[in-house]
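Asks: If you want the building blocks of each chain, they are given just below.
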Amino acid sequence: MQELNNLLPNLMRRLPEFWKACGDTLLMEVWAGSICYVLGLIFGIILTVTKPGGIMENRPVYQVLDKIINLFRSIPFIILLTALMPAIYVRGVIVPLVFGATPFFSRQIESALAQTDKGLIEAALSMGSSPFEVIFRVYLRESLAPIIRAITITAISLLGLTAMAGAVGAGGLGDFAIRYGHDRNMIDITWVTVIVLVLGVSLVQWLGEFFARKNTH
Amino acid sequence: MIELENIVKNFNSDKNNKAIHAVNDVSLTINDGEIYGIIGFSGAGKSTLVRCINLLERPDSGHVRIDGVEMTELKPHDLYKARTKIGMIFQQFNLMPSRTVFQNVAYPLKGMTRDEVRKRVQSLLKLVEISDKENAYPSELSGGQKQRVAIARALANDPKILLCDEATSALDPQTTGSILQLLKDLNKMLGLTIVVITHEMEVVKNICRKAAVMDAGRIIESGDVFTIFSNPQHEVTKNFVRTTSNLSKIEALIRDDSPMVKLKPGELMARLVYVHADVSEPLISYASRAFDIEINIILADVEIVAGSMVGGTVVIFNGEREKINRAIDYYKSKNIRVEVIQDAGA
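Here the protein sequences line up with chains Z and V, keeping their order.
Here the first sequence is numbered in the numbering used here, starting from 1148 and rising by one per residue.
Here the second sequence is numbered in the numbering used here, starting from 245 and rising by one per residue.
Distance condition first, Cα-Cα at most 30 Å in a straight line; then the derived BS3-like pairs of lysine-lysine:
| hint | chain 1 | residue 1 | chain 2 | residue 2 |
| --- | --- | --- | --- | --- |
| 1 | V | K404 | Z | K1265 |
| 2 | V | K454 | V | K576 |
| 3 | V | K354 | Z | K1265 |
| 4 | Z | K1198 | V | K325 |
| 5 | Z | K1265 | V | K370 |
| 6 | Z | K1198 | V | K319 |
| 7 | V | K363 | Z | K1361 |
| 8 | Z | K1265 | V | K428 |
| 9 | Z | K1361 | Z | K1265 |
| 10 | V | K319 | Z | K1265 |
| 11 | V | K377 | Z | K1265 |
| 12 | Z | K1265 | V | K325 |
| 13 | Z | K1361 | V | K377 |
| 14 | Z | K1361 | V | K354 |
| 15 | V | K319 | V | K354 |
| 16 | V | K363 | V | K377 |
| 17 | V | K329 | Z | K1265 |
By construction, these hints were calculated from the structure, which means they are not laboratory data.
So here's chain V without its partners, still in its complex pose:
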């Protein structure tokens, strides 16, 4: 278990001697075997926060406990030892260019015979499915292959925790998918606790069950991924949801005066957002029949987040105003958020 308690980390800016709060009083608990996402725009302090876990950055105040051990009080030598049990991978992979894949993975192995090292490295390379590149140099590998080698290296000493600092941000979407899948598999196979730092909503949606949203050094929302992203409270979180949702395109369509969104008198355009985990009823066709109105779907975007559906549709209601209002009340009773975008009047 990783427990961060009231972590504060300041950096001195050279310009006006003012301290910058990189991390400002953050507390966080990550349970064993979890894949925990920390999402934030760049400069939010998430990279600094994750470095406080293995003390690459020493917090100015606060506690870092891993399985009950207070990391900030360890003697240097014990800290080095503790770090071997916390793997870390990076956006730029950070493989040593003068060493082969084999030598890179062997780097953290100590106190082993030549034969043991060989066996260990080979089994690690097999685990990340890159055995054929054993004697290649990093410069001969693609980004995805480099990250696989980096993962093998990070796992060399059987860590219980893997920290991923923007590990997929330098990769194309397809490779990102395969690396995320690998992380998911490792989490299942080895019971590895994984902390994922990212600015990409996709990554969190794909592999995390729990997440925290960071902004200006603070955690502004945290909890299970579905709750956070189906019903974002904070403006920053809403922004993240919007970056991946199609539904925000409607504003652009309206701005461009697209004929698609021209309302006829009596029509009403609204966004229906699913905030609950069970969207199994045929809500559109039911309401259309029950209240005798037409519901025209302009945009729809439903995604699977942490195993549940999240998203919604943009629709135009057409019919008597009284009936439209009853349909809207019906949706609200079903835990669907209704935001009126445009109203052509009754």
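Bound-form chain Z, shown alone:
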């Protein structure tokens, strides 16, 4: 304990605040992630089935959704953050986080589903599957591994976004690192924050790879 106090003097003095920052980051990640995964999955599926040659081809729907996603993907996150944050602190930052990550995740899902062999779709249709069955029993099931990888990548990039959100006072580890590590030059806090984030990223990556592999035959 004494050694930790010597090694990380600034951190040890702010331990409760540090734990709270970790919890806030986790909270942002889980809430924004959940909403973003549900929306992104739906948008990704809609893009896939309505695109030209898709099983529910629909030009207007595809074009509109495609353009909206491109629009939000091209707005820098820091601008989204300031424009869309209805309230400061964790709950307020969920909105810009969702807007920032969902277009990215939708594209990831679109490209995951695009890897599905066209022949499988054709075979399923020839066996009498309806388009909805094809979505759930072929697209989602057969691209489970790439979908898991998309979830992993998005979780990691979302973690980066939550840190950025810290800069505008959203709380969490990013905020913690900036306020103490950067502004007051407390090197030990910067280091520990980085290490915690690296561990978080590694854990997510490892879990993702584990489940993706389990679903590859």
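On the provided structure of chain Z, position chain V as indicated by the hints.
Replies: Leaving out everything else, chain V in the frame of chain Z:
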């Protein structure tokens, strides 16, 4: 019965906005219990045509009737139901890689209890003789085994029709043989109507009684396999016959100036092609004796197509020109086509 009437299907090419006639006014009737071949080189439109039967491709115009039911007018839900009675297998097998053999075959089964599904899948796997692979994943199977599983899956809902889209084109000749045999057996056992799309003459010769030849979106010849291939009318059909016949090697021999085909003065080289179903007489030795000439067989290729012989020989006649001509007339009277290839003069 499958009736296709004036089917037209166009695709828009992106390049110059010109429509490509994939299928151009095709009419075709396939009777119950038939094994019907549709042969054509790639790009002839045969895959598109077969997809018009189960409406994976919706024709731009024309009628698709199966047992009198107009498929193009079915509501989506009825169409899905109708498709369960039309099995289809593919060149690339199209098994779902994340599912085991059992799960693949169970995919199209609906409204059954767990136990019924198990029984049904097991009996299907037994039918195609691959019961031991029930729990394997497709990636662990050979091509022939994959196609067997695909056949079991296509038959899951007791279809009356099986569409085969280049089903043996990715298989080696031996495996092709065993799959074709299986299709023949299924046709006999279940009374299954089978439509075979292929670019391989061998496949049509092996299992089809009736066939159509497709080129550039149209059917250029159709009828029973023997008639089409013993006496091809169209250049494309002739090409197909040539791909499997040894007799075309003679042109290569002549081009290479092989000593085998060097004619002595007075000799005449001709191709004798059997166009009739009964080649039982000893035509060569009879003519040789009756007209007192020598007939030297250079190449011979006689095959069984749809239960009858088809093919012919390349021979060199040697003797007096008068006698040779009489022999040729004799052959023509026996319905044998005589094509003179080279003549060294009288």
